[in-house]
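Chain V is already provided as a structure; the job is to place chains U, D, X, G, P, C and A on it using the hints.
Residue numbers (this note's numbering), protein chains in the order written: chain V, 1 to 252; chain U, 1001 to 1252; chain D, 2001 to 2252; chain X, 3001 to 3252; chain G, 4001 to 4252; chain P, 5001 to 5252; chain C, 6001 to 6252; chain A, 7001 to 7252.
What the hints contain is simulated information worked out from the structure, not anything from laboratory work. Cβ atoms here follow ideal geometry from the backbone N, Cα and C, with glycine treated the same way.
Among chain C residues calculated to face chain G with C-beta under 7 angstroms, some are: (1) Pro6029; (2) Val6031; (3) Tyr6036; (4) Thr6038; (5) Asp6233.
8 protein chains.
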Amino acid sequence: MRAEEMLQLLEAIKAGQVAPAEALSRLQPAVADLGYATVDLDRKSRCGFPEVIFCEGKTAEWTAGVVQRLADAGQDCLGTRVSDEQAAHLARLFPHAEQDRLARTFWLPASREPRPTQGTVCVFTAGTGDLPVAQEAVVTARCLGAAVELIADVGVAGIHRILRHRDRLRTADCAVVVAGMDGALPSVVGGLSDGPVIAVPTSIGYGAAFNGVAPLLTMLNACSANVMVVNIDSGFKAGYCAALIARRAARV
Amino acid sequence: MRAEEMLQLLEAIKAGQVAPAEALSRLQPAVADLGYATVDLDRKSRCGFPEVIFCEGKTAEWTAGVVQRLADAGQDCLGTRVSDEQAAHLARLFPHAEQDRLARTFWLPASREPRPTQGTVCVFTAGTGDLPVAQEAVVTARCLGAAVELIADVGVAGIHRILRHRDRLRTADCAVVVAGMDGALPSVVGGLSDGPVIAVPTSIGYGAAFNGVAPLLTMLNACSANVMVVNIDSGFKAGYCAALIARRAARV
Amino acid sequence: MRAEEMLQLLEAIKAGQVAPAEALSRLQPAVADLGYATVDLDRKSRCGFPEVIFCEGKTAEWTAGVVQRLADAGQDCLGTRVSDEQAAHLARLFPHAEQDRLARTFWLPASREPRPTQGTVCVFTAGTGDLPVAQEAVVTARCLGAAVELIADVGVAGIHRILRHRDRLRTADCAVVVAGMDGALPSVVGGLSDGPVIAVPTSIGYGAAFNGVAPLLTMLNACSANVMVVNIDSGFKAGYCAALIARRAARV
Amino acid sequence: MRAEEMLQLLEAIKAGQVAPAEALSRLQPAVADLGYATVDLDRKSRCGFPEVIFCEGKTAEWTAGVVQRLADAGQDCLGTRVSDEQAAHLARLFPHAEQDRLARTFWLPASREPRPTQGTVCVFTAGTGDLPVAQEAVVTARCLGAAVELIADVGVAGIHRILRHRDRLRTADCAVVVAGMDGALPSVVGGLSDGPVIAVPTSIGYGAAFNGVAPLLTMLNACSANVMVVNIDSGFKAGYCAALIARRAARV
Amino acid sequence: MRAEEMLQLLEAIKAGQVAPAEALSRLQPAVADLGYATVDLDRKSRCGFPEVIFCEGKTAEWTAGVVQRLADAGQDCLGTRVSDEQAAHLARLFPHAEQDRLARTFWLPASREPRPTQGTVCVFTAGTGDLPVAQEAVVTARCLGAAVELIADVGVAGIHRILRHRDRLRTADCAVVVAGMDGALPSVVGGLSDGPVIAVPTSIGYGAAFNGVAPLLTMLNACSANVMVVNIDSGFKAGYCAALIARRAARV
Amino acid sequence: MRAEEMLQLLEAIKAGQVAPAEALSRLQPAVADLGYATVDLDRKSRCGFPEVIFCEGKTAEWTAGVVQRLADAGQDCLGTRVSDEQAAHLARLFPHAEQDRLARTFWLPASREPRPTQGTVCVFTAGTGDLPVAQEAVVTARCLGAAVELIADVGVAGIHRILRHRDRLRTADCAVVVAGMDGALPSVVGGLSDGPVIAVPTSIGYGAAFNGVAPLLTMLNACSANVMVVNIDSGFKAGYCAALIARRAARV
Amino acid sequence: MRAEEMLQLLEAIKAGQVAPAEALSRLQPAVADLGYATVDLDRKSRCGFPEVIFCEGKTAEWTAGVVQRLADAGQDCLGTRVSDEQAAHLARLFPHAEQDRLARTFWLPASREPRPTQGTVCVFTAGTGDLPVAQEAVVTARCLGAAVELIADVGVAGIHRILRHRDRLRTADCAVVVAGMDGALPSVVGGLSDGPVIAVPTSIGYGAAFNGVAPLLTMLNACSANVMVVNIDSGFKAGYCAALIARRAARV
Amino acid sequence: MRAEEMLQLLEAIKAGQVAPAEALSRLQPAVADLGYATVDLDRKSRCGFPEVIFCEGKTAEWTAGVVQRLADAGQDCLGTRVSDEQAAHLARLFPHAEQDRLARTFWLPASREPRPTQGTVCVFTAGTGDLPVAQEAVVTARCLGAAVELIADVGVAGIHRILRHRDRLRTADCAVVVAGMDGALPSVVGGLSDGPVIAVPTSIGYGAAFNGVAPLLTMLNACSANVMVVNIDSGFKAGYCAALIARRAARV
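Next comes chain V alone, as it looks inside the complex (with noise of 0.2 angstroms):
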């Protein structure tokens, strides 16, 4: 809250237009307390999007637990790394859920009523490997509300299969491309683009490629001025941010 909402506020208060009780309350965001947990359930009024469960190091119960609790806060639920354990007993719980086992993704709709899609998304990848990191993007740019499209396979080894698809590049609101190994495709695919290129290293390959150092180390130095990067694997958050990215372009 910055000094002039918080001085009105105050002014309210002074007024008696506003309970201290209930000033209180708006000045603190609230929380869930679970005890193994404190779940964010301002987030979605701050970052335009519910807190996302990050399922590994969690224990079933305990995943299961805060899938509760942003349900029943009527918020939308994305779980992602969801193991096969996990995912087994989310099932059992929440059978409307939607389980993506490539991505290892879980999707619980606070309504399950259509929404429009805000932007367009292009998610690319280098090689099959890296299916599932792509899938995880895809999945969550459609969370937060992105039309995605997914190209797979079109490494530079052989350069004409991303020159097909210059076309799609102009028209997507951000691109995301997913690779491992020498990490080469986001350089060219930004050279390719007006707009911003999220790449995502992968741990795919072996040897020099350290479960995915070597691709995170090309993507950080890509010779295109339009390309980020995200964590190796971290299809999560490539999709995210493209997103959002995809809604403000959308925006107006």
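Leaving out everything else, chains U, D, X, G, P, C and A in the frame of chain V:
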């Protein structure tokens, strides 16, 4: 060029509407071959902004040669990481260019007429020492057409310093956060914003900061989903991408 | 033993007040030689707490052997990183011991009588997945005599979650902050506190988290001056040091 | 501010006992906005010591500006990593300040009156070359109010050198151990002490010392449980934390 | 396609000698779009050998799908890093293919007729444990048409073992040297040969071998000028490049 | 010497056809012992080119001493990484030698007569700043007898720049690709060529380029199978190997 | 063979005292070529101990094949890093061999007769978990003929534990110190001894121990001058070198 | 002091044969406390050679102070890594000392009388640039009493260069091998010798040599079992250990 467009062009040749030489120039984007450089004169039409000159590792003469060639082509010319020697050399040859020695940039617009801004970018720094990198982001984003605001030294050790600026975050189309050492600021900014955040690690710090590796890793692992990262000290890329995002958001 | 004390002892030998063999035992601290282990029975008098058993890399038999020897010497016995196999083996031999499977600890106090607590420690985690490490800190600090409070999942993406607990920070003698991924929480906690903060990086996360290297570097570079760091996943050391600090603070 | 305090304040507004503007200033801690720096004037009340100026990467003018602002606010002013150029500039502007060129510190206390010391800190170095870092710890701890003793060059290659000082370890509230190369000294000191030990790796050494990485890793893995670590060459943080611990121990 | 060729083609359209659709297909190399893969059917004509399938990270079905598509196009099909599961699946579908389980390769030539070899390659290993990687090189080079000889376990600890084979070095068109641990063999082989040497570091070894990093660095720093390096464990690339070199040497 | 040859020689001794001293000199290759250097005078006959002098870390006198010894032996003499001081010293002593200050090479051929070239090499750079390394490759390959062409600044951000040169790729016997930063160019070049490609990472770039580590990893992981790698900034090795390959290709 | 010896041999051929074939076999040391291995049968005469079999990465059959070949040649046979599967296979084929499953060694002496020991070695471990590596050193040194004593768990956290054994240090010809985690013990042992100390880092520990990197670096930087280092977990090399040193010391 | 000795001493006190003060001095080894240094005057009797001064990071005055103190105690004084400034300062104060500027050593023996040598050491270098490090080994080993021979530039690219010196290897008590870049020479030397080999990696090289990391790893992974390693560029430690080994071998 996509298949349908290309086929159209080829049909036009057949129909005698387009001369083969003319078609050839459309199929092969323009370059200027200077021996030591192959200037990409097509970049502007393809990417929305001309080739930017990375001055490190170039002689002053090479740098000036590329500047001249872009100017001759009637294109804006932005140079980054301009050394003192290069700056002096360029100042003699291009006295009307704008040079910012804090940002180490060179800017020679194709036209001196003011241009309308497209979208707004907000640049934050964690510390005072991050200012040179931040200023490179500021200059770059302005050259690309964004309205830019710079807010310095609001690192998380005094968390109220960034909380004061939440309203600015809400109105900006894109935030850039520049930080060295622990690189923690983007995570906090991300959690206060509903838009994309571009994090720039800097080489400020000592010991286990490892010339920017520490904040780079922090930012790649930011717990806020809307944080993307660019190379260490790359104020340039952050400003470039932020301006592209702002431009799209302001497009309609 | 310092020079004056030693001289005093030697004078006492000369004076016939102390037998040479007795003096020898004072000059050479006690150990128990088990072949596979040289148990430091003097640790308690020297360091204020007996030797703690690091169970990793030991057979269940070796582990039990050291436990038995400490118990025989009438000393408290704490074991950490107890594997499932070791836990089962120890449970059979020492049914009265307390085992915490989340923390993976074994605790066999020399006496079952309750002891007064000495000082207070507050343990925070950034995420739910950090709980096993945090719990190791909790158990360890309690074994050393501190009163401990645990507050989970207050990472900086929802900054209000930690701000709610500022009063607890002020009353604790020492704070422990457990975080993986970006490891940003200790910097923020440090800036809200006038006491020492012990940061524990965890191996929670993926990709560029590099099994805890990312938060380790973040914490070593924390912009708050009152942050110290222990090894990745070392809830044990954090709890141990925090209890020592709390004990001193509560000493008088 | 915790919830109860905040509610009390809001009730006081309602009761007309506190003006909204006054309440606002209590809710938003003070900063001084210098353009290139946002000085945290609330740090002293929140953290028990004012903001310390990290001088690296700042111009001499920026440094002096922050010093002046803290002095104007009647707060102690400590600067670290002061370059020769900054030192000369500051000496001209603040001739009464204490500068230590071995420690590279600047100290301008708010008042020249002597203060009672709070607790004792003992700083050890493994070698002579570690002295500049140790001296930074000494100066910092003294500025925070501790009585400090410095013992140099007692590395483990001659183990009797440290054994001579066991009595000092027992009487200090906190030990700081500064070591480069193998960084083995803190492990030994930890095993001789019943208090907390803060280890500072230094960049002294060559080859596989990797500018302090080797002793940093050694210290993070110290086999003694009471060893915490700060950044490479960070005498500042070690002195700061040690003084905080000593202050608490001496509190009552 | 270079400018002159392209102009020729365009002139031919104009002259009515080539139909636009035909020209289009010449300008855009062929791909097969399988959804999960974009198979580069032009690779053979462009690079002299068809696309090779890297099987890691692919499902058995995806792998088989690409194999089928290449076979349908009448092209040789080589697969590498074939898992046991993939091998069994492929064996059922393509019983005539040659699978080498030491090399983990799959080979389905377009024609069963024997082909004349083109040039000779000699593959050396430093140890017995390097054999799987070496065998991948052997199979690959043979698929590309080279005559290959394999000589195992001639590491430098018994330097006479490699000296015995100097005559083979002189007659081979290209040498491949496979080594883990110290990776010293390529330096020695390079000093005994007047031809190119391709070094392959392997992940054989332990501790500071760091899964092949040690021999990788050794080989990149080989004191013999004629040593080139490929990725850790990449027998495939070494065999591929060696065969290309041998083919050129045998060309005339 | 292989077994049969050696046996033949021994039989010749027995037959009195070869004197033992003469046989000894055949069994032990020639060296020149200068105290500070053991010059390998047999290198030329064994490896096809004399020992090349790596000048870094040598005094100017040592460097000149080795040059003189090779010249005395009637062998070509190539020096690399010649410092300014060494260059001046050598220029005084060997005024007829060719020195290239961009490549930092020294070249004193045994004979001034022109030699026929053997095969062709094509050297590409991604950027202008890669030119010094590329020039070292050019000079080296020419000294070994290749015809060399240099094409600068055709990085992948403007992909059409390299596509223009596909015909040159087809006619060269070997391609060398020099690139810093993302190091993506060799992957693309490899996909356009049916010959071997030698990739040279350069230390051009900043931040996460890590002085050439980023492009080194990119190139080791190149998705094109025909890419081999040499040490960072080693234009020398690339040129040397390329010339060897070209020489073999041109042999017949 | 040195020049004079070789000349002597050649003169002997000339004089008819040695047949050329016989001379050849002296000039070329013996190997046994098994296809998958080139066994160095000359190692014993050259290095004083036969080739040792590194069993990792070999099939059980390959391992047994080499054992058999060495046994056939009448040489001692030592194998290290023997897996459970290999151990069982070897036990069936060589029931008289000694296998130590803690050390993971296989020992089949050429003769069962007891041999006199040559020199003494003392092996220390910092912790109990270091025992498997220490035992590999013990077995190896014994196979090479040394008298070996093993003293476990005398790490520096209880410094008196190692001080008790100073007399053993003085009488041993060589000390081996095995330690993980902080790796501090060799520095202390070195400072108490006038003989050579061989330090063995182990992969015991967690987090920033980085599988032995931390103690490796500590040991390379040991502040005691008489400390040498071998690979992580290489009890084998430490035992081998220690026995060689002890053998020399006992030689006369 | 071991238990029996200590008991004996204590009994002697009781018997009035030894005064307590005298006994105290025997129990506590001598040091000289200079404030900036705690000189270990007992090192010579404990370790067989006095404390050696590591001059890096010390002022010239500090260095001279320690030299003077050792000289006053009648002990040999060796200094290493002496800077030009320190060398000049020491030369003025100790004109009779021997300084070697290639090795950067200072040597002031307690007596000028010649001493008999004890054992022989052979130092090899792979290249000419390794000479400064090798010379530090030579000087150090000589100061400790060994007869030392230096053989330069016998790297493995010309393998016959080292093969010429096999006889020297056989007669030396210990070999030191100094190498940068690929660090391959110790593996070869180890395979030709029946004695211990001490490998010294140097920072000679560029790019992926990483200032000595590459040869360090090579040497730690040496395929010859008799190779031990010291720190990068540590000619000092290699010479020290080699002399200790040679001394033992020559002892009887």
